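Asks: Protein sequence lines, in the order shown, are assigned to chains A and X.
Note that the numbering used here has the first sequence beginning at 1, numbered continuously upward.
Note that the numbering used here has the second sequence beginning at 1001, numbered continuously upward.
If you are wondering where the hints come from, they were derived from the structure by calculation, not from laboratory data.
What you are looking at is a predicted structure, and each value in this text was computed from that prediction instead of being measured.
Under the rule of at most 16 Å between Cα atoms (straight-line distance), these lysine to aspartate or glutamate pairs were calculated in the EDC-like manner:
1) A/K265 <-> X/D1264
2) A/K393 <-> A/D358
3) X/K1298 <-> A/D288
4) A/K217 <-> A/E101
5) X/K1211 <-> X/E1148
6) A/K298 <-> X/D1288
7) X/K1029 <-> A/E325
8) X/K1265 <-> A/D264
9) A/K236 <-> A/E369
10) A/K29 <-> X/E1325
The residues making up each chain are set out below.
There are 2 protein chains.
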Amino acid sequence: MVNIAVLGYGTVGSGVVEVIDKNSDSVAKRVGDEINIKYVLDLREFPGDRVESVLVHDFDTILNDPEVVIVVEVMGGVEPAYTFVKKSLLAGKSVCTSNKELVAAHGPELIAIAKEKSVNFLFEASVGGAIPVIRPINSSLTADRILEIKGILNGTTNYILTQMAEEGWEFDRALKSAQEMGYAERNPEADIEGYDATRKIAILSSLAFGKNVDYEKVYTEGISRITANDIRFVRKMGGAIKLLASSTCEDGKYYAMVAPFIVDKTQPLYAVSGVYNAVFVKGSQIGDIMFYGSGAGKLPTACAVVSDIVDAAKHPNKHIYVFWEPEELPLTGIGNATRSFFVRVSGKRADDEGKIRDEFGHVSFIELEDITDEFAFVTPPLTEEAFDEKIKKVPKVLGRIRLDRKMEEEN
Amino acid sequence: MVNIAVLGYGTVGSGVVEVIDKNSDSVAKRVGDEINIKYVLDLREFPGDRVESVLVHDFDTILNDPEVVIVVEVMGGVEPAYTFVKKSLLAGKSVCTSNKELVAAHGPELIAIAKEKSVNFLFEASVGGAIPVIRPINSSLTADRILEIKGILNGTTNYILTQMAEEGWEFDRALKSAQEMGYAERNPEADIEGYDATRKIAILSSLAFGKNVDYEKVYTEGISRITANDIRFVRKMGGAIKLLASSTCEDGKYYAMVAPFIVDKTQPLYAVSGVYNAVFVKGSQIGDIMFYGSGAGKLPTACAVVSDIVDAAKHPNKHIYVFWEPEELPLTGIGNATRSFFVRVSGKRADDEGKIRDEFGHVSFIELEDITDEFAFVTPPLTEEAFDEKIKKVPKVLGRIRLDRKMEEEN
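Take the sequences, apply the hints, and build the full model.
Replies: Okay, here's the thing in structure tokens:
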């Protein structure tokens, strides 16, 4: 019998208990032993619930029980999760977590402790919900050098952008709908300003490149300034707006960013709508690989956690190597990154066309029949810095959105 | 030092040597030890080649060398691969293979020997080239029950269908182009008649459902009867023709088949073109997950093999549990499967419309302006058996293609 303890009986925690209960036979078969939920830690009481008899309020009960070999941390937030996880690892217990804040903030330290103690710190559920992406990067793409990761890593913002495109809604209305559907929190800042996606791309990039990417140094822009008109002009161009999280290795330099991008129809990411997530990985030899699936949700996330529990249970006293050193990976600023920009302008094209061409050279203009007081244009590829300089000289700019490379090539 | 032997120095074999040579540092880091190619077995000579000094012609040299702990079988075909692999496992050596014929024909026996000997029989490269799909099914989707697998598993036929759609070519011309590009073999039967995809879906289904799926019992139809006109009518409907390999578990019954299907634009499989492969996995709790990438090619396939070598090297004397029992999974015939059918007919719609409606009820007709001597129609959902009966009464039928479920719902 493999005894485990679950820290936190919220959405993911109750999902983990449900998945283990439901699939106990097949899980036992894969582990070669039965999984027993010995404790569930939560400050609340759950009278009449399945976990009532195993509920504890004091973490030390778990920490001091040598029978508990795996601790499942699904509380979220950095503290007290960090303290509990660190103590568990130091006590020789493996830890499985869905907590991206914790992994992004303390990943390499916790991995190092796990290694030293010959146990495991596993975090498949911290990125991409049910989509297996951490384990494939860590154990399937081991033979190749990863050059780029690019993905839609936040379901809330993708749902909002999809609703805006499909219903013609403004951002605020789509956000409200996401909140009503339970896809966005009451305080939605972490999602809509891109911070959640930033933590996830920092985790993936650290695993892909082997050194620690500090999520606080990743250039981050959210979607709250995207308007219904942006989406209409972009659709006329044949594109869609997606919040992309990406990192690349080019000529020994590393870049990472989260920002809205315009992607075109030929890109598989174009078709990723609603709360779905997708991650592209480009290897020097394997080419493009994509993983796609439900990026969130109680049971999908719980299944990812349970797959880590299975892995930890199958590897007692054996650390599974994770390619994530504590040394910081220096990120290069995005100022020299070259790309095209979509710019939306107030006024009439005829009035400003000359000035815009003077600044940017050959641009393509986009106009809509029923919006006569705005127009848009797409610049040729230029550096972020050059764009920032030139755009100052264009009057009445309402907004700008970057073009993903593929879209750019076709302009 | 981990000593390995590579059986076969063809396309994949030379790719494996190249990938190990190129990435020796990062591979060594992940394994925690250096990988040394001690032998390469091939009947040919390779004077001046990197493998000249390690080339052997007699398998027994490898078998009898206790230093060789991993045998990499990349010869293809059932024999002598089967004999060599079985002897290697019985001698306590792990085996990594890219050979789908071998895995489909002898998978459970070889897995059982590996288990008994506490070594590993790994075959990530046998399905989907570089796409990590075997390992995710085996180690990431462990917490859920898989209900369905559906995918484009053969790059050659997908390339041919893509060329037919994009260039308007007939099948023969597209096949010739595929042969010229090196995507199809001189004897293309295994690909175009669907046998290759059948072996791959049998492997994936066995892993997903835990019992052995006999590939010879999978209903199989290839693409050689698809015509340029089929594609034109289907395009008018807003669909694309893809050779889909699928298996499902419904009410305790298991179905598996390989056949051309019409998929619609909203399906991610619609956008999978050229030699790319994609696999959908539907779990009872995780929902849909998709894996996408290059389905073949020397280096992508070699990278998948090397990821298995890394895994085998990291688990000396420890069998990684594979959920594939030798017991046969009984497949239910497809006669009772319900779906819509696209039918192309010679003649004028006006002449046969009444008879067709009498047989099938509410059908949708498709006509093309410049093809006046043919028309097509789509039936409502009905069983395969019922369709086979009714279609006999429709004169001058030129061909029929099944509709994938999603497309069907919209008709």
